[in-house]
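There are 2 protein chains.
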Amino acid sequence: MMNVSNIIERIRELISDDTLVQLKDELNGYHSADLADIFVELRPDERLECFKLLELEKAADLVEYLSPQLQVELLGDIDEEVASKIITKLPHDAAADVLGDMEDDESETYLDKLPHKFSAEVRELLTYNEDTAGGIMNPIVLTVNSDMSVLDVLNHIRIKAEKDNMELYYVYVVDKQNHLLGVVSLRKLLTSPINQKVEDIMISDIVKLHVDDYSDYVTDVFTKYQYNALPVVDLYNRLKGMITWDDVQDLVEEETTEEIYQSSGISTELADEDEILSGNIFHAIRARTPWLFITLLGEFIAVHVAHHFDSTLAALPIVAIFMPLLAGLGGNIGTQSITLMVRGFSTGQVSLSSALYHIFREMFVGLCIGILFGALVTLATWGWQHNIELGLVVGLAMAINMTMATVIGTFTPFALKTLKVDPAVASGPVIATTIDVVGLAVYFTLVSTFLIKII
Amino acid sequence: MMNVSNIIERIRELISDDTLVQLKDELNGYHSADLADIFVELRPDERLECFKLLELEKAADLVEYLSPQLQVELLGDIDEEVASKIITKLPHDAAADVLGDMEDDESETYLDKLPHKFSAEVRELLTYNEDTAGGIMNPIVLTVNSDMSVLDVLNHIRIKAEKDNMELYYVYVVDKQNHLLGVVSLRKLLTSPINQKVEDIMISDIVKLHVDDYSDYVTDVFTKYQYNALPVVDLYNRLKGMITWDDVQDLVEEETTEEIYQSSGISTELADEDEILSGNIFHAIRARTPWLFITLLGEFIAVHVAHHFDSTLAALPIVAIFMPLLAGLGGNIGTQSITLMVRGFSTGQVSLSSALYHIFREMFVGLCIGILFGALVTLATWGWQHNIELGLVVGLAMAINMTMATVIGTFTPFALKTLKVDPAVASGPVIATTIDVVGLAVYFTLVSTFLIKII
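From first to last, the protein sequence lines are chains A and B. Mapping of the first sequence onto the numbering used here: residues 1320 to 1774, in sequence order. Mapping of the second sequence onto the numbering used here: residues 1320 to 1774, in sequence order.
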């Protein structure tokens, strides 16, 4: 790909030299995806100046590649008439996304300026929940009737697709009331005899989505069936639009981000994903506090467990210094187990039916690594403190702790899944705390059983 | 979608009733993606029995949806002649993947049985590194010459695409030596006048891949430009194949899994991703040990820090019980910061140029949450131990610890990125350990400065 910082430098030179004709020429020559990368790195004033130099088509194409914040920023800062023209050139779903991200009165202004038909269609899209298939789909779909011939369809495409700037993957076959009857791929269309009837080449066993399907279901269906595009119907099987794989690509990225955020206890329900990284800082704080608070409560239990053994601690203060070692490694290997299970559930490699297999497998992994690390810790402590009993107790605690951590880390996601709770939610912090509590209890019990008696 | 467990039950009934005609009928009626879900849940013997009942076309289609392990298992267990026929029906890239996953002598047996042309093409694919564009691409691409008319191309498609079972997204324009000159989308083809020359409607500014490009570059290009398919050329710009978005979808899922594994210190370089979850258990142990070992070394430093203050601990053993609380919350909020940065780097929302912004933003988040949690801890400790000085010291340590944890968690990924090290690698465990060390040092310093003197 290209070196963005060199290009940025060149753009700044051209701006400061005021050679705008040259700049305009160069900007319009870039691929819109490259332009998007460039625009992200420009300062807002430079961004606006460059955006104004783009041809309408290019500007519309660029807008599709930009983040919602930049879309609203740029369209809000240019002339309203020009902005309306750019929005009109967007696919309907992209236009609805842009308008949906604006303030209500601002989007109303634009909707009033847009061509009537376009505006009405976009308004309809805006009535759907943006997290459902209805809110994601593009309503402009190429439809044909089942009694048309291949040649009819090809002629129909020639007229319609050009005029409506239509995305073309499949041709959808509908009846007069727009009920979805079948689908024909372009490949089938291009390789069938031109006088064949559409109904003879269409597939009528259709994988389709419903306008109210949630986005995670939409991505699941796309990931499973691997089609380029899927039709979206309403309750009565009337074709309302289609969703293409590039829309889904963005959704998958969002879902992955949510999964990763949740694993470290960042709630994506209390704040918009974008805000957590760079928006309103108090929303970000709110998104991060709940699971930290639960960790706080959990760690207070750990404090109480330790407190329960304060006579042990007073008798043998040296045992305290090994607490972070045990908690750290237990937390670490337990997090590995939970990561494997949670990720396995989302890729489909782990299912409830394999729970026992994974629990025993992880227990064995924990036992092997626990024995290895327990031995290392025993030797290190013995060599350092010249106290073999202390070394043995710490090492034994380490082995038990690591084995238990893998079991807890594996069992919990299965338990949550059985209870129909998303195992990704807050798994990490909660389990680390549980392992702290259990690990300390084991350690201090071992210490007070073996060491205190010996002393 | 469908309820797999009901279907499995029905299949078992049909097998035990020996009504195989009925079973064959039903199995062949499922979508191959659904069949793949069903096959995963069947026992190996049932799986084999069902696989043998599938028609050749269906079996080949199913194989594409199966995991490499199941592909090799099923094809290895059926008659070699039938297996060869199924492999011949696969797209070239899928055939190469299947054969590449077999033992060398096994794949040689099949390669000798396959039709000569197919076998030669698949052999060529197998010469490419499987993690490069050459190893991912499908070599069967529809090519045309620049002086052909739209009508010529449509006729050419009718013959070639049908015969070679070709994926059709774009038509690639090449010269006589197969150098890539341009690309025409099917949409453009279908909406252009039929007597227009290809060279007048082709795009010659082509986004293309090179056979030696690594898979992470391939996914980056697809994610950025959002094309359905991209051409792959060799050093001399000769067209060698194309990669389609569904191949990339699998790659993206693998990369995400690697990213998530690495964040919890599971090395994907020491063991195959599949083995970590369910393959050879000793490979899994090897993949998980290295970063645990580094954690072990790091936590020994924490132990030494604590040991440095053993007179403090002996004088005031109660302070030891707050160690897990401080380490737990510091580790937690620090992990949140690092998660945000590492994910931000992979989605492109975070870049080196915004380092200072993010460090200060996270520091502020840490400070706010730290003050809040410090106050809570102070109050809780005061109420519980009736010791306001102890409460204040623990609370202050908590606030400092959480603020420092966000700074360390944010700074480290930027530092790694500057040093051209992937920030995803082992970020989690290493930083948690660092925070343990620094946090304990701060805590014991506060304790020995304020509490011991007071006492």
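One thing to keep in mind: the hints can contain errors.
[Claimed, not checked] Taking CB as the label site, the calculated pair distances span:
no.: 1; chain 1: A; residue 1: E1594; chain 2: B; residue 2: I1707; range: 33 to 43 Å
no.: 2; chain 1: A; residue 1: E1594; chain 2: B; residue 2: D1424; range: 34 to 44 Å
no.: 3; chain 1: B; residue 1: L1470; chain 2: A; residue 2: K1482; range: 50 to 60 Å
no.: 4; chain 1: A; residue 1: L1589; chain 2: B; residue 2: Y1544; range: 31 to 41 Å
no.: 5; chain 1: B; residue 1: T1462; chain 2: A; residue 2: L1738; range: 49 to 59 Å
[To be verified] With a straight-line cut-off of 25 Å between C-alpha atoms, the simulated DMTMM-like cross-links for lysine to aspartate or glutamate are:
no.: 6; chain 1: A; residue 1: K1543; chain 2: A; residue 2: E1486
no.: 7; chain 1: A; residue 1: K1739; chain 2: A; residue 2: D1519
no.: 8; chain 1: A; residue 1: K1408; chain 2: A; residue 2: D1450
no.: 9; chain 1: B; residue 1: K1432; chain 2: B; residue 2: D1420
no.: 10; chain 1: B; residue 1: K1739; chain 2: A; residue 2: D1420
no.: 11; chain 1: A; residue 1: K1404; chain 2: A; residue 2: D1364
no.: 12; chain 1: A; residue 1: K1736; chain 2: B; residue 2: D1420
no.: 13; chain 1: B; residue 1: K1408; chain 2: A; residue 2: D1424
no.: 14; chain 1: B; residue 1: K1495; chain 2: B; residue 2: D1531
no.: 15; chain 1: A; residue 1: K1543; chain 2: B; residue 2: D1531
no.: 16; chain 1: A; residue 1: K1527; chain 2: B; residue 2: E1592
no.: 17; chain 1: A; residue 1: K1736; chain 2: A; residue 2: E1427
no.: 18; chain 1: B; residue 1: K1479; chain 2: A; residue 2: D1519
no.: 19; chain 1: B; residue 1: K1736; chain 2: B; residue 2: E1572
no.: 20; chain 1: A; residue 1: K1527; chain 2: B; residue 2: D1344
no.: 21; chain 1: B; residue 1: K1482; chain 2: A; residue 2: E1518
no.: 22; chain 1: A; residue 1: K1507; chain 2: B; residue 2: E1572
no.: 23; chain 1: A; residue 1: K1479; chain 2: A; residue 2: E1376
no.: 24; chain 1: A; residue 1: K1736; chain 2: B; residue 2: D1565
no.: 25; chain 1: B; residue 1: K1527; chain 2: A; residue 2: D1569
no.: 26; chain 1: A; residue 1: K1736; chain 2: B; residue 2: D1593
no.: 27; chain 1: B; residue 1: K1377; chain 2: A; residue 2: E1374
no.: 28; chain 1: B; residue 1: K1543; chain 2: A; residue 2: E1374
no.: 29; chain 1: B; residue 1: K1543; chain 2: A; residue 2: E1427
no.: 30; chain 1: A; residue 1: K1507; chain 2: B; residue 2: D1353
no.: 31; chain 1: B; residue 1: K1479; chain 2: B; residue 2: D1565
no.: 32; chain 1: B; residue 1: K1543; chain 2: A; residue 2: E1574
no.: 33; chain 1: A; residue 1: K1404; chain 2: B; residue 2: D1565
no.: 34; chain 1: B; residue 1: K1507; chain 2: A; residue 2: D1471
no.: 35; chain 1: A; residue 1: K1527; chain 2: B; residue 2: D1531
no.: 36; chain 1: B; residue 1: K1736; chain 2: A; residue 2: D1524
These aren't lab readings, by the way, just hints derived from the structure by calculation. Keep in mind that this is a model prediction, so the values were computed, not measured. Even glycine gets a Cβ: it sits at the ideal position worked out from N, Cα and C.
Taking the hints in turn, this is what the structure says about them:
1. A:E1594 <-> B:I1707: 33 to 43 Å: holds (38 Å)
2. A:E1594 <-> B:D1424: 34 to 44 Å: violated (57 Å)
3. B:L1470 <-> A:K1482: 50 to 60 Å: Given about 22 Å between the Cβ atoms, the range is violated.
4. A:L1589 <-> B:Y1544: 31 to 41 Å: The hint (31 to 41 Å, Cβ to Cβ) holds, given that A:L1589 and B:Y1544 are roughly 34 Å apart.
5. B:T1462 <-> A:L1738: 49 to 59 Å: Roughly 56 Å apart at Cβ, these two residues keep to the hinted range, so it holds.
6. A:K1543 <-> A:E1486: Holds - the C-alpha atoms of A:E1486 and A:K1543 are around 22 Å apart, at most 25 Å.
7. A:K1739 <-> A:D1519: violated (44 Å)
8. A:K1408 <-> A:D1450: holds (24 Å)
9. B:K1432 <-> B:D1420: Holds. B:K1432 to B:D1420 sits at ~17 Å (cutoff 25 Å).
10. B:K1739 <-> A:D1420: Outside the cut-off at roughly 36 Å; violated.
11. A:K1404 <-> A:D1364: holds (22 Å)
12. A:K1736 <-> B:D1420: violated (33 Å)
13. B:K1408 <-> A:D1424: At roughly 57 Å apart (the allowed maximum being 25 Å), A:D1424 and B:K1408 break the hint.
14. B:K1495 <-> B:D1531: The hint holds at about 23 Å.
15. A:K1543 <-> B:D1531: violated (29 Å)
16. A:K1527 <-> B:E1592: It is violated: about 32 Å lies between the C-alpha atoms, which goes past 25 Å.
17. A:K1736 <-> A:E1427: violated (44 Å)
18. B:K1479 <-> A:D1519: At roughly 21 Å apart (the allowed maximum being 25 Å), A:D1519 and B:K1479 satisfy the hint.
19. B:K1736 <-> B:E1572: The given pair, whose Cα atoms are some 23 Å apart, holds under the 25 Å limit.
20. A:K1527 <-> B:D1344: The hint holds at about 23 Å.
21. B:K1482 <-> A:E1518: holds (22 Å)
22. A:K1507 <-> B:E1572: Violated, at roughly 30 Å.
23. A:K1479 <-> A:E1376: With Cα atoms ~19 Å apart, A:K1479 and A:E1376 stay inside 25 Å; holds.
24. A:K1736 <-> B:D1565: violated (29 Å)
25. B:K1527 <-> A:D1569: Distance ~22 Å between B:K1527 and A:D1569 Cα, so the pair holds.
26. A:K1736 <-> B:D1593: holds (22 Å)
27. B:K1377 <-> A:E1374: violated (49 Å)
28. B:K1543 <-> A:E1374: It holds: about 21 Å lies between the C-alpha atoms, which stays within 25 Å.
29. B:K1543 <-> A:E1427: violated (31 Å)
30. A:K1507 <-> B:D1353: Cα-Cα ~23 Å, so holds.
31. B:K1479 <-> B:D1565: holds (22 Å)
32. B:K1543 <-> A:E1574: The hint holds at about 18 Å.
33. A:K1404 <-> B:D1565: violated (34 Å)
34. B:K1507 <-> A:D1471: OK: B:K1507 and A:D1471 at ~18 Å, within 25 Å.
35. A:K1527 <-> B:D1531: violated (38 Å)
36. B:K1736 <-> A:D1524: Distance of about 49 Å is beyond 25 Å: violated.
Of the numbered hints listed earlier, those contradicted by the structure are 2, 3, 7, 10, 12, 13, 15, 16, 17, 22, 24, 27, 29, 33, 35, 36.
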